[in-house]
Structures are given as C-alpha cells and as structure tokens.
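Colleague: Here are the chains, one letter per residue:
Protein chains: 2
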Amino acid sequence: MAVHGGAGANAESMTAEELAAVENALEDCLREAAVFLEGRGSALDCAELVVRKLEDDPNFNAGRGAVFNSRGEHELDASIMDGRDLSCGAVAGVKTVKNPVALARLVMSQTRHVLLAGDGAEEFADENGVERVENSYFSTPARRADWERKQRYSKGTVGCVVRDVEGNLAAATSTGGLSNKKWGRVGDSPIPGAGCYADNRTCAVSCTGTGEEFIRRAIAFDLGARMRYGSMNLEEAALETLAALPDNCGGFIAVDKAGRVVMPYNTPGMSRGWATSSGEMMWGVGQTLKSLLFK
Amino acid sequence: MAVHGGAGANAESMTAEELAAVENALEDCLREAAVFLEGRGSALDCAELVVRKLEDDPNFNAGRGAVFNSRGEHELDASIMDGRDLSCGAVAGVKTVKNPVALARLVMSQTRHVLLAGDGAEEFADENGVERVENSYFSTPARRADWERKQRYSKGTVGCVVRDVEGNLAAATSTGGLSNKKWGRVGDSPIPGAGCYADNRTCAVSCTGTGEEFIRRAIAFDLGARMRYGSMNLEEAALETLAALPDNCGGFIAVDKAGRVVMPYNTPGMSRGWATSSGEMMWGVGQTLKSLLFK
Numbered sequence: 067m068a069v070h071g072g073a074g075a076n077a078e079s080m081t082a083e084e085l086a087a088v089e090n091a092l093e094d095c096l097r098e099a100a101v102f103l104e105g106r107g108s109a110l111d112c113a114e115l116v117v118r119k120l121e122d123d124p125n126f127n128a129g130r131g132a133v134f135n136s137r138g139e140h141e142l143d144a145s146i147m148d149g150r151d152l153s154c155g156a157v158a159g160v161k162t163v164k165n166p167v168a169l170a171r172l173v174m175s176q177t178r179h180v181l182l183a184g185d186g187a188e189e190f191a192d193e194n195g196v197e198r199v200e201n202s203y204f205s206t207p208a209r210r211a212d213w214e215r216k217q218r219y220s221k222g223t224v225g226c227v228v229r230d231v232e233g234n235l236a237a238a239t240s241t242g243g244l245s246n247k248k249w250g251r252v253g254d255s256p257i258p259g260a261g262c263y264a265d266n267r268t269c270a271v272s273c274t275g276t277g278e279e280f281i282r283r284a285i286a287f288d289l290g291a292r293m294r295y296g297s298m299n300l301e302e303a304a305l306e307t308l309a310a311l312p313d314n315c316g317g318f319i320a321v322d323k324a325g326r327v328v329m330p331y332n333t334p335g336m337s338r339g340w341a342t343s344s345g346e347m348m349w350g351v352g353q354t355l356k357s358l359l360f361k
Numbered sequence: 067m068a069v070h071g072g073a074g075a076n077a078e079s080m081t082a083e084e085l086a087a088v089e090n091a092l093e094d095c096l097r098e099a100a101v102f103l104e105g106r107g108s109a110l111d112c113a114e115l116v117v118r119k120l121e122d123d124p125n126f127n128a129g130r131g132a133v134f135n136s137r138g139e140h141e142l143d144a145s146i147m148d149g150r151d152l153s154c155g156a157v158a159g160v161k162t163v164k165n166p167v168a169l170a171r172l173v174m175s176q177t178r179h180v181l182l183a184g185d186g187a188e189e190f191a192d193e194n195g196v197e198r199v200e201n202s203y204f205s206t207p208a209r210r211a212d213w214e215r216k217q218r219y220s221k222g223t224v225g226c227v228v229r230d231v232e233g234n235l236a237a238a239t240s241t242g243g244l245s246n247k248k249w250g251r252v253g254d255s256p257i258p259g260a261g262c263y264a265d266n267r268t269c270a271v272s273c274t275g276t277g278e279e280f281i282r283r284a285i286a287f288d289l290g291a292r293m294r295y296g297s298m299n300l301e302e303a304a305l306e307t308l309a310a311l312p313d314n315c316g317g318f319i320a321v322d323k324a325g326r327v328v329m330p331y332n333t334p335g336m337s338r339g340w341a342t343s344s345g346e347m348m349w350g351v352g353q354t355l356k357s358l359l360f361k
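Chains as they are written, first to last, in this note's numbering: chain A, 67 to 361; chain B, 67 to 361.
Misleading hints may appear alongside valid ones.
Not the full set, but computed from the structure, chain A residues with beta-carbon under 7 Å of chain B [what the hints assert, rightly or not]:
1. K119
2. L182
3. I257
4. E278
5. A309
Label pairs and their computed distance ranges (CB to CB) [what the hints assert, rightly or not]:
6. A:E139 x B:L358: 32 to 38 Å
7. B:N299 x A:G352: 43 to 49 Å
8. B:S297 x A:T206: 56 to 62 Å
9. B:D111 x A:E139: 41 to 47 Å
Taking lysine to aspartate or glutamate and the DMTMM-like style, the derived pairs with C-alpha atoms no more than 25 Å apart in a straight line are [claimed, not checked]:
10. A:K248 x B:E93
11. B:K248 x B:E232
12. B:K248 x A:D185
13. A:K248 x B:E84
14. B:K323 x A:E197
15. A:K161 x B:D192
16. A:K248 x B:E197
17. A:K356 x A:E84
18. A:K161 x B:E189
19. A:K323 x B:D192
20. B:K248 x B:E306
21. B:K161 x A:D313
22. B:K248 x A:E84
23. B:K248 x A:D192
To be clear, the hints were calculated from the coordinates, so they are not data collected in a lab.
Just so we're clear, the structure is a prediction, and the values are computed from it rather than from any experiment.
Idealized CB from N, CA, C, for every residue including glycine.
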C-alpha cells in the first residue's frame, strides 16, 4: 500500500517540527496499514482507515487542518473506490462532516449515486448518523495564517492506495482543496477518474496537486488506461502520465495488481510512503526517504 | 457536429406530439449549427449555442423542463470543454441559473477553477451578470407528472459535439439529472472525463444515461484513451466503450478530428442527430433516422 499527504510539501521550507510531524504521521499510517493488511484486512477498509487517520491529523489539508476558502470557511471533498467492481462514492463541499471519506464510503454503499454535494450531502450524513462538527473544528492556527497569506499551496491533500492479500485494489482521497479557493469550487479529489481511481484490472491511484489540471486530463483514470490500452507497465504509464501534467503541478501514488508502487511528483516535494504486509516501509517528504523493516 | 437530447427517449412510448416536438427541436439545432459552422463559427461557440437552445426547450431534461429531485426542486448540471487546450468549465447543483452551460463557459474563461457547485456557483453567476430565474421557471406540467410517477428515466440530458472548419473540437453537456434524485446528487454531466470531453488529438464526446455508470468508468475520457493508446478508430473505440457499460444504461455522441461521427446507445432509443457545414443532416429518436440535404 502507499499513502500521501500532499504534493505541496517541501522539506526545505518546513520547520524541523513540521517535517517531523508529517514524517511521524506517515510512519504511523504505514505501520497501522501493514498490520491491518497482514491480518487479511481488505483494501477498501485499509484505504478508508488510513485516510480517516490523516483527516483527524491537523498536519494535513483534509478534515481537521483543512485550508480556508475565499470566505474563510472550510469545504471538504473526499472519494473512495473499490477496484473489484468499480463501485465508488464521493462527497464535495461538505462543511460539518468530521470524516468526509467515511461519508463517501456511505454514498458508495447506501445510495445509487456516486457523488453528493453540499447541503444534500450533509443531510445524507444526518440520515446515516455520521458525526458532524462545527465548521470551526477544522480550523487550526497554522491554517489561518496560511489563508491570510493567500498561499496557493498548502501541506496537501491526503490519499491512500492499497492492494490487499487477496489482490484486490482500492483508493481513497480527501482534501480541503486549494487555499483561498472560490466558494463552491470542487477539485479533483471527489471525482473518480480525476483524483481517485481503482480498477483491479490495472491499478489504484490517488492524486494531489492543482485539481483543475487533474480533472481536465482525467489523470487517475489515464494511468490505468495507458496500462490497459497501451500495454505499459505501471512505471512506464506513471512517467507518461506525470509528463502530461504542467510543471510544478502535483503528483500521485499508485499500486498495481502485482503490488508494485509508484509515487511520482513534479513539485519540489511530496509527503509519501509505502508499506507491505511483511513490514517493509519507506517514507519521507523530499528526495531522501526513510526506510524500516519493522518485523 | 452532432447533438443529443437524451437516451431516455423511446419513440414507441412517446405520443406523436412528443415525438414531433423532439424531432423538430433536433432539426432546428442541426440547421442552425450547420449554418453557424459554415460561417466559420468555432466549435466551442457552436457547442454552447446548441446546448443553450436545448436548455430553453421544455422538451428536454436540461434548463427549462428539467426533472425534479427528491425534494421537488430542480438542480441543474452542465459542462463545456475546448479540445484545443483541454480548458473546461462546469457547474453542478445550480437552482436559478437560466442557462447552466453559459455559466459553465464563464467558469472556464473567468476563473482558475473547473467546477463550481451550489450556492457558490450562483454567487459567481451574479458576479458575472448571468441571468437567474426562479426555480419554478424550470418546471413544466409534464415534468411534474413524471416526478410524481417517480420514473427513473426522463426525456434526457442534452449535449453537443462539434468539429469546426479549422479542425478544432468542442463538447458541451447539460442536464437536470435523474428524476427523483437525492438532493445534492451530482451526475456525470458536469464532470469532464465522465459526461463530457474534448481533445483535438482524439475526439469530442457528450454522454447521456445513468450518470453514475459513466462516472465510474470515465466514459467520455475512455473513448479517446482507446483511440490514443489502443490505436483504434472512432467506430471501434465507440463499440468497445459502449460495451463496457451495463445494459440499458445510456449512450453518447462523438466526433473525431476527421469529422467522423458516432451516436451509439444501449437503451431503447436516443434522440440524436448530426449535421455537416455542407448541409447534410440526419436525426431521430429510434432506429429510423430522417435525413435531409438542405442546400
């Protein structure tokens, strides 16, 4: 499996504390996922588990810690997809749902729809007893300072891709979107095919970066399309897909049906890591990755 | 160019008046588009022009005449895409914008975003002086009866794909969504890559049908991907893309860079037609199409 915490991260411009917090969060996710998968946990459950953890962590731009839109509010997007049957669920523009990825999972399992947006999505949360919080829950002092500087990039979207021991694939992505985004803006994260995709025939993908560039190129779907129709392997397809994006735009993580992982990006850094159910792990923000075999 | 008025249409189950109204509307669009293109109008302008006409026509499920959601309201989705540079714009869940496709065009040209949803999209409409109407403007007696019967299919989404005399491609799609849809539900129509796509390297596509099935397979993008990576022509790619959809799910129209058109569907009927700048036209709802060379 692999995880990312956004392509906005840049080890050089982060303080030592910020970097340590992100690295520790990635390491925690990798350890927990490796144990979960070794215990025959499903790819879909693992993807949700990891993304929920990162939504709860204020060091990432998803759930708690999400960026502010142009009105000083938080609007959250998330999606999840099951590579077994292409079932997927997503929510866009929710303001009070503590864990958007969990609501996306319910859209997948409990409705005939794929994507619910705004107040309708929140009403659906209430119908299903999903935890809601005040919009201010998502705010953190660092996020407010970021908003006030109107910085375009934040620490980033989070995502997870998984191949489980059965060989099934799943992906999930969650975000607060672009800092200072226009009210109502929907990025790639809640769009299957753009910011998230999983298909057992090819690969599972989660993206991070300037969402508009990922939507217009259907990046998450494109990676698997190059594999299926162009007979490329994951590494070849990933290089070509990344090359189709503008410079300094973002990156993605992907795992194929054989368990191979890629984590390319064209920004200065991307917080990311991978782990196997046998306990191998690598993670980091810049070019140098830490590694561990924890069993 | 080609146009569609939805894959929900079925000539056998329509009254003679309903059928004539749809056929006449298609014919009007084709004539106007052919003249426009012969005058060197751009693909992008032509796609918007045609979809606006169909939004204003209560015989289609887009703009005036849109279906009701589960709360008895209208929520409209639309998108537009320019094959020259992959620029695109879309709106989802708007309730008071008379011509959603025109607002989608402004999202494309006036913002750094691709997709605006809900109240944020309506505020953007106001900022740009876009005409707004009461939600009841979209209601028609036929739509209300349809809603009360909770029918799943309506007369359908509208869309247009165009290759202009310069060889540029564009696509646009607009819809009221599924009848009785859950409040906040977003379908494929406002999602580039799902219900709408245009890329000068391959083709322009507009889809109609059960949107969720089009999102999870990124159908509008998939068609071009099969052409680019699988070296298929438009006809071959269209057959395979249609075959990937569940039975009785919908259809799409597409035009490639050479001006070839396909209009496949797997429902009982799809209102559709094509025209060339030299005045050739074919259109209809069921298997038999009318044709005309009007110059």
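Colleague: Indicate, hint by hint, whether the structure satisfies it.
Modeller: Results for each hint:
no.	hint	result
1	K119	violated, 26 Å
2	L182	holds, 5 Å
3	I257	holds, 6 Å
4	E278	holds, 5 Å
5	A309	violated, 14 Å
6	A:E139 x B:L358: 32 to 38 Å	violated, 54 Å
7	B:N299 x A:G352: 43 to 49 Å	holds, 45 Å
8	B:S297 x A:T206: 56 to 62 Å	violated, 50 Å
9	B:D111 x A:E139: 41 to 47 Å	violated, 36 Å
10	A:K248 x B:E93	violated, 39 Å
11	B:K248 x B:E232	violated, 42 Å
12	B:K248 x A:D185	holds, 11 Å
13	A:K248 x B:E84	violated, 41 Å
14	B:K323 x A:E197	violated, 50 Å
15	A:K161 x B:D192	holds, 23 Å
16	A:K248 x B:E197	holds, 20 Å
17	A:K356 x A:E84	holds, 16 Å
18	A:K161 x B:E189	holds, 18 Å
19	A:K323 x B:D192	violated, 48 Å
20	B:K248 x B:E306	violated, 31 Å
21	B:K161 x A:D313	violated, 37 Å
22	B:K248 x A:E84	violated, 41 Å
23	B:K248 x A:D192	holds, 14 Å
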